[in-house]
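Asker: Throw the hints in and build the complete structure from the sequences for me.
From first to last, the protein sequence lines stand for chains A and B. Mapped onto the numbering used here, the consecutive letters of the first sequence carry residue numbers 1 to 114. Mapped onto the numbering used here, the consecutive letters of the second sequence carry residue numbers 1001 to 1115.
Because the hints were derived from the structure by calculation, they are not lab data. Computed from a predicted model, the values in this text were never measured in an experiment. No residue lacks a Cβ here, since even glycine has one placed at the ideal position from N, Cα and C. Incorrect hints may have been included.
The calculated label-pair distances, taken between Cβ atoms and stated as ranges, are [stated by the list, open to error]:
1) ALA1052/B <-> GLU45/A: 22 to 30 Å
2) VAL1065/B <-> GLU5/A: 37 to 45 Å
3) ALA68/A <-> GLN1018/B: 15 to 23 Å
4) PRO14/A <-> ARG1017/B: 43 to 51 Å
5) THR1015/B <-> GLY29/A: 23 to 31 Å
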Amino acid sequence: QKEVEQNSGPLSVPEGAIASLNCTYSDRGSQSFFWYRQYSGKSPELIMSIYSNGDKEDGRFTAQLNKASQYVSLLIRDSQPSDSATYLCAVNIPPDSSASKIIFGSGTRLSIRP
Amino acid sequence: DAGITQSPRYKITETGRQVTLMCHQTWSHSYMFWYRQDLGHGLRLIYYSAAADITDKGEVPDGYVVSRSKTENFPLTLESATRSQTSVYFCASSESYVGVYNEQFFGPGTRLTVL
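Answerer: Encoded structure:
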């Protein structure tokens, strides 16, 4: 079982609608959760971080965390063509004998259609 | 300019050659990381460093060597390049690696092709 799982997509959403991206993780001890956006040919860009259960809003983006269900999601309201990108979920894996590490999911490709 | 830079941005080399990818950050972040990104595998951690002279293996360290003599630099060396090392390499840094200050910030990447 992969430690961080995402649907690879592509997820196609009409312009102006809400895009919902989902991520599940395997380690119940994880404490830090991140969403990165990656445009084709570019490097990942951090857009949201969340550390406690519930919702965290930043502009058109809302991150949702449910530790009991080991589930983190990203909602993008009023989707724009510029939101078309691959979205990477990243989760910290608590340390055993070494330092904590962050594991990335394989990403969900999002396409916003006009 | 502040930030994290990588050089070269593109590199073509031949099997068996030694290649060094450079990473430089101006934030004075303690932690630095090297990832490779391949289709179907996402981002995989090669090596990371907690501070100058402290490095540790990640998920896929074989065939790579790192050093960190200065906080701001974290070069990655492929001692004898193989075709399987053809990939996009990203360097990243973070203020911390535990707790709530472990957001990682990425450099622009180096696209490496091994013929």
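Asker: Now tell me if each hint is right for this structure.
Answerer: Going through the hints against the structure:
{"no.": "1", "hint": "ALA1052/B <-> GLU45/A: 22 to 30 Å", "result": "27 Å, holds"}
{"no.": "2", "hint": "VAL1065/B <-> GLU5/A: 37 to 45 Å", "result": "32 Å, violated"}
{"no.": "3", "hint": "ALA68/A <-> GLN1018/B: 15 to 23 Å", "result": "49 Å, violated"}
{"no.": "4", "hint": "PRO14/A <-> ARG1017/B: 43 to 51 Å", "result": "49 Å, holds"}
{"no.": "5", "hint": "THR1015/B <-> GLY29/A: 23 to 31 Å", "result": "42 Å, violated"}
Going down the numbered hints, you'll see the structure goes against 2, 3 and 5, while the others check out.
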